[in-house]
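Student: Chain by chain, the residues:
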Amino acid sequence: MSSTILTVCRKEVIENSRDRRTLFSTLLFGPLFGPALFAIMINVMISQALSGAEEDITLPIVGQEHAPNLVAFLRRRGVEASADLESLEEATAAVREGEHEIVLVISPEFPANFRAGGDARVTLVFDPSQTRLNLSTRRVRGLLNAYSRQLAFMRLQARGISPLLLRPITIDEFDLSTATGRSVILLGMLTYLLLFATLMGGFHLAIDSTAGERERGSLEPLLTTPVARADLLLGKMAATMCYMMLSLTLTVAGFTVALYFAPLEQMGMSSNFGPLVALKIILILTPFVPLGAALMTLVASFTKSYKEAQTYLGLVLLVPTLPLIIATFLNIRPDLSLMWIPSLSQHLLIIELIKAEPLNLGYLGVSTTSTLLFGALLAWLAIRLYDRERLLRQ
Amino acid sequence: MIRVDTVAKRFGAVEALKDVSFTARNGRITGLLGPNGAGKSTCLRILYTVLAPDSGTATIDGIDVVADPIAARRKLGVLPHNAGLYPHLNARENIAYFGELQGLSRRECEPRVEALLVRLGLTEIADRRAKTFSQGERTKVALARALVHEPSHLLLDEPSNGLDVMATRSLRQWLRELKAEGRCIILSSHIMQEVTALCDDIVIIAHGRVVALGTPGELQQRFGQTSLEDIFVQTVAQT
Numbered sequence: 001m002s003s004t005i006l007t008v009c010r011k012e013v014i015e016n017s018r019d020r021r022t023l024f025s026t027l028l029f030g031p032l033f034g035p036a037l038f039a040i041m042i043n044v045m046i047s048q049a050l051s052g053a054e055e056d057i058t059l060p061i062v063g064q065e066h067a068p069n070l071v072a073f074l075r076r077r078g079v080e081a082s083a084d085l086e087s088l089e090e091a092t093a094a095v096r097e098g099e100h101e102i103v104l105v106i107s108p109e110f111p112a113n114f115r116a117g118g119d120a121r122v123t124l125v126f127d128p129s130q131t132r133l134n135l136s137t138r139r140v141r142g143l144l145n146a147y148s149r150q151l152a153f154m155r156l157q158a159r160g161i162s163p164l165l166l167r168p169i170t171i172d173e174f175d176l177s178t179a180t181g182r183s184v185i186l187l188g189m190l191t192y193l194l195l196f197a198t199l200m201g202g203f204h205l206a207i208d209s210t211a212g213e214r215e216r217g218s219l220e221p222l223l224t225t226p227v228a229r230a231d232l233l234l235g236k237m238a239a240t241m242c243y244m245m246l247s248l249t250l251t252v253a254g255f256t257v258a259l260y261f262a263p264l265e266q267m268g269m270s271s272n273f274g275p276l277v278a279l280k281i282i283l284i285l286t287p288f289v290p291l292g293a294a295l296m297t298l299v300a301s302f303t304k305s306y307k308e309a310q311t312y313l314g315l316v317l318l319v320p321t322l323p324l325i326i327a328t329f330l331n332i333r334p335d336l337s338l339m340w341i342p343s344l345s346q347h348l349l350i351i352e353l354i355k356a357e358p359l360n361l362g363y364l365g366v367s368t369t370s371t372l373l374f375g376a377l378l379a380w381l382a383i384r385l386y387d388r389e390r391l392l393r394q
Numbered sequence: 001m002i003r004v005d006t007v008a009k010r011f012g013a014v015e016a017l018k019d020v021s022f023t024a025r026n027g028r029i030t031g032l033l034g035p036n037g038a039g040k041s042t043c044l045r046i047l048y049t050v051l052a053p054d055s056g057t058a059t060i061d062g063i064d065v066v067a068d069p070i071a072a073r074r075k076l077g078v079l080p081h082n083a084g085l086y087p088h089l090n091a092r093e094n095i096a097y098f099g100e101l102q103g104l105s106r107r108e109c110e111p112r113v114e115a116l117l118v119r120l121g122l123t124e125i126a127d128r129r130a131k132t133f134s135q136g137e138r139t140k141v142a143l144a145r146a147l148v149h150e151p152s153h154l155l156l157d158e159p160s161n162g163l164d165v166m167a168t169r170s171l172r173q174w175l176r177e178l179k180a181e182g183r184c185i186i187l188s189s190h191i192m193q194e195v196t197a198l199c200d201d202i203v204i205i206a207h208g209r210v211v212a213l214g215t216p217g218e219l220q221q222r223f224g225q226t227s228l229e230d231i232f233v234q235t236v237a238q239t
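First to last, the protein sequences are chains Z and L.
Going by this note's numbering, the letters in the first sequence line up with residues 1 to 394, in that order.
Going by this note's numbering, the letters in the second sequence line up with residues 1 to 239, in that order.
Chain L extracted, bound-state conformation (with noise of 0.2 Å):
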């Protein structure tokens, strides 16, 4: 479980989080919505300790991500904006590089850099040097990378940028898998349909604020809205 409360994080004369509080419970997809610039990707940054807020907590299951950065860390599996792999280490070396790192001896790592390879279909490319990879298949890497030490929690900031549909349908299938293990996801994404389609907790964000939280149903009740996107422009025009 990951909680959020009250946090706010300014850089220089820019408040980028004014007042954030949110849970995201396990075996649930919480989403991140807002637009570009509304705080989702220092939000997540907070909660994977590279940024320290200026005020308020954030806790992945009851560990403070000040207090203890390490710890939490432990705990997250991370596919950042952007992620780059290393361009002259293959698929394969490039997961095992961070499940080592991950603590796991190289023995252990094997077996899971595989069983990966094989559920997200990189087989193909798994002896390939990563600079000649396409966007799509970067980002499969990148999220091979970031479960190879099967988090419990798991941190996806925009994960489906770049990717093609079909690419896009794999990794909503699993995403849907791994919640059914019971891991606690937060995603953050612009796209309506994305959020629609797989979150069952939606925060939506806007100007550094929570401007509405709750699940799909629960916003379409509040907000007398049919689809998600009405919801959306409403809550982000009132702030």
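In isolation and in its complexed conformation, chain Z is listed as follows (with noise of 0.2 Å):
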């Protein structure tokens, strides 16, 4: 009997691997895709956390000559005051037309009111939201507020009083979170990467050795030969696999290698990333590869059409991935209740380990075990559903 299964896993094996479409989705989609979405995205995240503080601002200000003293504040700290606006009106187009991002107005009574200590106001017009993220709106009010501030204390200073008077509670700041945990947050969308790869892995194979057998016309004369169905699906699901750890085994290297080039120090962040890290990523993520095979394998067993198969497991490709959008949104810390679920579990010892806490075997244990199960739950269901006469006839 075991030799039946391992006589079809190898001819699928042998089959595939001539394949270009399961050479595509194993071999080079899910390891090259990945790592390289990966590292455009951090890329992109570090790039933009530099841009917001450094960068030069233009801001349109109407009615500089009422205060010299206010426009050389901002020049002075990167605002390039331009003077193309002239009242009140063409600011609120301009902004409303998205010309300018923001504006400031400073209304003629501004000199008057701030000689005489009282209301000097001044104006900002912006629509948040048409701006991106906001950050010129936040950088000119965070001035204006340091600048009013500055103001306040001479002031007080002047009248010989103490500026503390203003600031009755000074907030210290004490960051707690280390280099290793903050770069979570962006690790997080790693499992989501690993399993959609591991799933990729067998994708093609799944449909080949189900859906498209039947559409080429081998599933019948495969069905005349003396060897049981159950000997029969379970080869293909152990094929199934092997392209699955191939294409796990290669994303994760590829992950290991892109993040040792990512510059993710320059975000205060650090990966412990090594090949250490990296098999236990594997070992963590083995017992999702049955579960997986399992499930496209009885999905594509009851399509009409290699077509039919894709759209559907294209579906499939989503659910693994549930847990984890809800995990993210939740903020969800590991637990053992948690463990049973499959995929979340994988997603959070995944997280733990990147945070480079030790790795709980008892959490460890139940994932796997429940995983496993899961996946001979469905290998089951999908025989159960392959040993009906209906198979052929579809």
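The hints are simulated quantities; they were obtained by calculation from the structure and are not laboratory data.
All C-beta atoms in this analysis are idealised placements derived from N, C-alpha and C, irrespective of residue type, glycine included.
One thing to keep in mind: the hints can contain errors.
[To be verified] Reference excerpt, derived from the structure (chain L facing chain Z, CB under 7 Å, subset only): (1) V78; (2) N82; (3) H88; (4) Y97; (5) W174; (6) F223.
[Unchecked claim] If you anchor each label on the Cβ, the simulated ranges turn out as follows: (7) Z/P358 with L/A67: 52 to 62 Å; (8) L/A67 with Z/L322: 21 to 31 Å; (9) L/D61 with Z/S17: 22 to 32 Å; (10) Z/R20 with L/E108: 32 to 42 Å; (11) Z/L28 with L/Q135: 31 to 41 Å; (12) Z/Q310 with L/G103: 30 to 40 Å; (13) L/F11 with Z/E308: 32 to 42 Å; (14) Z/F329 with L/A52: 45 to 55 Å; (15) L/Q220 with Z/L6: 31 to 41 Å; (16) L/A67 with Z/L6: 49 to 59 Å; (17) Z/G365 with L/E150: 49 to 59 Å; (18) L/A52 with Z/W340: 55 to 65 Å.
[As the list claims (entries may be wrong)] If you want the footprint, here are the derived chain Z segments under chain L, 3+ residues with CB under 8 Å: (19) 34-41; (20) 372-381.
Need the complex rebuilt from these two chains, each delivered in its own frame; the hints are there to steer you.
Tutor: Written out as structure tokens, the structure reads:
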């Protein structure tokens, strides 16, 4: 019995190694797409984080002549004041049409009120729904507040009063996050990409060995051999698992290389992603391989054609990612009660690993056992359905 | 020997087989003759166990196809209708895969595959991938695949489908040789000439029933017609 499973598995592995579609999805798509996407994301995040603080911004100011000191203050802090707008109406129109992100309007009453020590007003015109990240708005507002505070201090000092009166409470910030801890937000994406690559590795084979086999007309002769259908299906699943393992290993290797070269330190992050962590990640994700193979084979066995199978399997690829999305939204922490959920438990374990926390063997045990049981259940279901007479008539 | 006894099969509202009984003996070629949709393929599919009959029994050398389908399949070599090959395997690998599924070791397989390639004139394409094959080449490889374990019984569903004159001729020659070796062969066809030229026994099926059966000579005597085609048209028209 086991030798026929091996025969079927070997034939599927050999046949698919000659198929460009399998090689593309197993050897290229997962291992390259994931790490490449990741490298791009890291670089975009770094350039965004750096741009907000350093870049000079252009700020149209209406009525510059009414507050030359304020304008000079802003200029010293990297704001290029332009004078191409004349009135509040023009400013409103310019922002509404998206010509400028933000415009500062200084009213003609400003100097008089200022000198009187009264209510000197400036107006910021902006549209938060249009601007990207509101970075300029936040920056201009911060500068204006700083200017205002600086004047207040000077005025109090001139009257012989301690400026500290204006600051009854001082906030000291004490940031507990570690460099590895901060990188978790970014590396949380990693599990998703790894699960995706693992499934993609077996995607084509799962379809080809079931729906494809029927479409080509080779299923009927296959079923006339004196082999139990369960053995045929197990052999096909075993071959699917071989390709999934290959894809998983290559993808983890790809990430190890990509993260080695990623400028994580520039963002105050570090990853402890070395060969040992890579091996542990493969260990954690291995129980997911039979589950994924059984799930894809189950779905692909009951579609009428290769195309239909592709459509349904595309949806199936989303299923294991749902727990991850929920986990990210709810900021779920690892807990024994969550370890029975396949894909979520692997995600949480990998995050802990990346945070350089020790691997909780109890959690790993529950995660592995539960995932394997789910996989066995799906495989059993696939075999039950594969045994039906209707298999051929679809 | 293959025995089919009052077999019936329906698919939803369609009664594909109403009542089919016949016996195919060893060392003879039995032809299932009938118009398209008569139930020939359904009947063969029940014999090679991918379909189960609703009622009636079918046995291969006394083995019930429903009670022990795997033992029954072990006795069979099957060429299903429009049988497909694995496009990325070559001819040799396609045949050897089925040999191994039949329980042969790789060492046992190798000489048998070689012998079949020679016998069917496939040596030139032995190492070519199946996706490049013509219909005739495909049928030959599928036939070799069905014979690799030297089965005592052969079920062929429209074997000459898509074959040219030369290929049909060599197929017939080959089936006669297999018959001479004492095998029990059933083939289905809607082509009169093929059945006349090859078969020792003829079972005419129409609308899911056996409407006539016997040797070509017996049928001619009973219906008083000289050509099998006339007999065929007459029997089918009666039902």
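Student: If a hint holds in the structure, say so; if it does not, say that too.
Tutor: Verification of the hints:
no. : hint                           : in the structure
1   : V78                            : 4 Å, holds
2   : N82                            : 5 Å, holds
3   : H88                            : 4 Å, holds
4   : Y97                            : 5 Å, holds
5   : W174                           : 18 Å, violated
6   : F223                           : 35 Å, violated
7   : Z/P358 with L/A67: 52 to 62 Å  : 58 Å, holds
8   : L/A67 with Z/L322: 21 to 31 Å  : 46 Å, violated
9   : L/D61 with Z/S17: 22 to 32 Å   : 40 Å, violated
10  : Z/R20 with L/E108: 32 to 42 Å  : 33 Å, holds
11  : Z/L28 with L/Q135: 31 to 41 Å  : 34 Å, holds
12  : Z/Q310 with L/G103: 30 to 40 Å : 35 Å, holds
13  : L/F11 with Z/E308: 32 to 42 Å  : 21 Å, violated
14  : Z/F329 with L/A52: 45 to 55 Å  : 51 Å, holds
15  : L/Q220 with Z/L6: 31 to 41 Å   : 54 Å, violated
16  : L/A67 with Z/L6: 49 to 59 Å    : 28 Å, violated
17  : Z/G365 with L/E150: 49 to 59 Å : 51 Å, holds
18  : L/A52 with Z/W340: 55 to 65 Å  : 40 Å, violated
19  : 34-41                          : violated (count 0)
20  : 372-381                        : violated (count 0)
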